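So the sequence lines, in the order shown, correspond to chains A and B. Be aware that the first sequence starts at 1, since it is given in this note's numbering, and climbs by one per residue. Be aware that the second sequence starts at 1, since it is given in this note's numbering, and climbs by one per residue.
Take these hints with a grain of salt, some might be off.
What the hints assert, rightly or not - In silico contact screen, one side only, chain A against chain B (beta carbon under 8 Å); selected entries:
#: 1; residue: I63
#: 2; residue: Y235
#: 3; residue: D325
#: 4; residue: T327
To be verified - Pair ranges (Cβ atoms, derived):
#: 5; chain 1: B; residue 1: F16; chain 2: A; residue 2: P38; range: 42 to 50 Å
#: 6; chain 1: A; residue 1: V20; chain 2: B; residue 2: W140; range: 48 to 56 Å
#: 7; chain 1: A; residue 1: K92; chain 2: B; residue 2: P95; range: 40 to 48 Å
Think of the hints as simulated: they come from the structure by calculation, not from any bench. Only a predicted model underlies this, so the values are computations on that prediction, with no experimental measurement involved. No residue lacks a Cβ here, since even glycine has one placed at the ideal position from N, Cα and C.
Number of protein chains: 2
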Amino acid sequence: MRKIAFFVLLNISFSFAGDVSLLSKARNYFDVLPEVFPSDNNTLTPEKIKLGKMLFYEKRISIDGTTSCAKCHPITLYGTDGLEKSRGNFSKENPRNAPTIFNAAGQISQHWRGDRKDVEDQAKRSVLGKGSFGAPSYQWVEEKLRSIKGYVSLFKEAFPEDKNPVNIDNFAKAIGAWERTLSTPSRFDEFLKGHVDALTEKEKRGLDKFISIGCASCHNGALLGGNSYQKFGIYEPYWKYTKSKSIDKGRYNVTKKKEDMYVFKVPQLRNVALTPPYFHDGSVKDLKKAIWIMGKVQLGKDLSKQDVEDIYSFLKSLNGRLSEDITTLPTLPIE
Amino acid sequence: MRKIAFFVLLNISFSFAGDVSLLSKARNYFDVLPEVFPSDNNTLTPEKIKLGKMLFYEKRISIDGTTSCAKCHPITLYGTDGLEKSRGNFSKENPRNAPTIFNAAGQISQHWRGDRKDVEDQAKRSVLGKGSFGAPSYQWVEEKLRSIKGYVSLFKEAFPEDKNPVNIDNFAKAIGAWERTLSTPSRFDEFLKGHVDALTEKEKRGLDKFISIGCASCHNGALLGGNSYQKFGIYEPYWKYTKSKSIDKGRYNVTKKKEDMYVFKVPQLRNVALTPPYFHDGSVKDLKKAIWIMGKVQLGKDLSKQDVEDIYSFLKSLNGRLSEDITTLPTLPIE
Chain A
1 MRKIAFFVLL NISFSFAGDV SLLSKARNYF DVLPEVFPSD NNTLTPEKIK
51 LGKMLFYEKR ISIDGTTSCA KCHPITLYGT DGLEKSRGNF SKENPRNAPT
101 IFNAAGQISQ HWRGDRKDVE DQAKRSVLGK GSFGAPSYQW VEEKLRSIKG
151 YVSLFKEAFP EDKNPVNIDN FAKAIGAWER TLSTPSRFDE FLKGHVDALT
201 EKEKRGLDKF ISIGCASCHN GALLGGNSYQ KFGIYEPYWK YTKSKSIDKG
251 RYNVTKKKED MYVFKVPQLR NVALTPPYFH DGSVKDLKKA IWIMGKVQLG
301 KDLSKQDVED IYSFLKSLNG RLSEDITTLP TLPIE
Chain B
1 MRKIAFFVLL NISFSFAGDV SLLSKARNYF DVLPEVFPSD NNTLTPEKIK
51 LGKMLFYEKR ISIDGTTSCA KCHPITLYGT DGLEKSRGNF SKENPRNAPT
101 IFNAAGQISQ HWRGDRKDVE DQAKRSVLGK GSFGAPSYQW VEEKLRSIKG
151 YVSLFKEAFP EDKNPVNIDN FAKAIGAWER TLSTPSRFDE FLKGHVDALT
201 EKEKRGLDKF ISIGCASCHN GALLGGNSYQ KFGIYEPYWK YTKSKSIDKG
251 RYNVTKKKED MYVFKVPQLR NVALTPPYFH DGSVKDLKKA IWIMGKVQLG
301 KDLSKQDVED IYSFLKSLNG RLSEDITTLP TLPIE
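Let the hints inform the model, and build the full structure from the sequences given.
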């Protein structure tokens, strides 16, 4: 009896020591998700956030009257659309997969190639995007908004200092403000805060491997990614394993610099298990396959089935909680 | 002083007598909106309603992956889409304007021509609609649903008696069950219950005119419409005043009966001020203009500006309250 008790005690101590060591290792790489993603250029106020949430669902400012931010980033599918490549106005296909907007504001830039400075810049330029809203001009959008009296009041409340508050920059600021609140903390944050029991043993094993195998060298920070650019396909070309229908040169087409060939922003991994399909072209549906491909082309490692399983399990601990505010729909002004 | 008091008292009594008479008149035509719209063929259970709400937002069962019930019936725009005619899969234009789904389950039938028996029939047949979901077959939809494990469990919970619960009829029943809960009571219901102060004087004047001018002879019941079929254009052809781009023969094209030429289901008027544009082809944007046209072509009356204003004011009292359940988004199973 005493023997058993001693064994159990030893086991707990061992497990506890392991947890503390893992926690300490994890804290070197990862941060607890912030409650909001603040900006120096866009103060978050309740009025701005409220307006931004409405504008996020506003499709009357698109050329076909069906395209809103929510079209490619529906909350019901965790801020993305489940398509390989999104379809905007008149069903036009976009060049790349729609990343989730949850926690997106915490990234160094927006879009796969990082060619949108921040969420405000992304929101503003989307309205003219040929594959997104397709509006003929910013003025056209502003006039659409001004024609709905309810919006004139809402913009005034959100931007009380402005004489002419209904303009495209305030539109972008309002949507940006809303997006800066889309933080989805998960059990992993509980773990990072010191509640080591917030993860299962399998998830902890996956976390340990995620670090030791090398994933965390790029997928780190509060978002486990979204904070650097990397070549996709360091050891082998990515298209050798994905089902890519065409080869995307990535940031090279933005910067025209040789070193940016096949370079993309490292995607964040928050809610990754909830937001298939994967990669810039949505060419892989299965997360386990995506993990294996990443090992192969980024780290030159042929991950075992068990490694993939464990990492997959850890990634699921990044599935976040959606606040009531995120899941509550606004109603939009009609006149 | 006594004189003034007497005058005030008289005025109140007069107004009160007027209210009571108006209330009594109104009760001859209208009913309080039910909390839900029950069905003999589709028992409402919390599990079915929960599943139906999810399926309402499910676009992965459409041929282009972007079309869900919510595409043409977004809650943010009070259950309709603000377009003259809706756009379904690959942006295909539908033949008619999308009526709101709020309170729609309370109608005698669905669609402008009444060629969908009930909300279940509408939901089922929409998935094969060329202009809506565009799915190649019911089987295709069923397989899509079965491929998402989360749905298999949810269908089992919603239809515990069924051995093979993931099928198109249960899909339709679940969505129908959800739609049967989309009741949006308004101040007008408070009035009908006897709280005569729930309407303003202008709204009461509008209600009185709505009855006396003849609108209520078709727009009656709990939904102020949706319970009969009528020819659109009794005194004059409707297209003389609308901006209709083509002439729609209405139910004639469904029944091939001569007496159904230009006949449509009388639209309900709940939330009418929130759901422009108007008529089967969305040809009129302005509700006041729509009211005037109705007087002209249905009643042979040239309504004065004041009459239109008063009726317009009354119709706004039908703007309904959306329950928390209506405005809360579900998240959908991913695998």
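Status of each hint after checking the structure:
1. I63: 11 Å, violated
2. Y235: 29 Å, violated
3. D325: 11 Å, violated
4. T327: Constraint on T327/A satisfied, holds at 5 Å.
5. F16/B to P38/A: 42 to 50 Å: 57 Å, violated
6. V20/A to W140/B: 48 to 56 Å: For V20/A and W140/B the Cβ distance comes to about 52 Å; the hint holds.
7. K92/A to P95/B: 40 to 48 Å: Given about 23 Å between the Cβ atoms, the range is violated.
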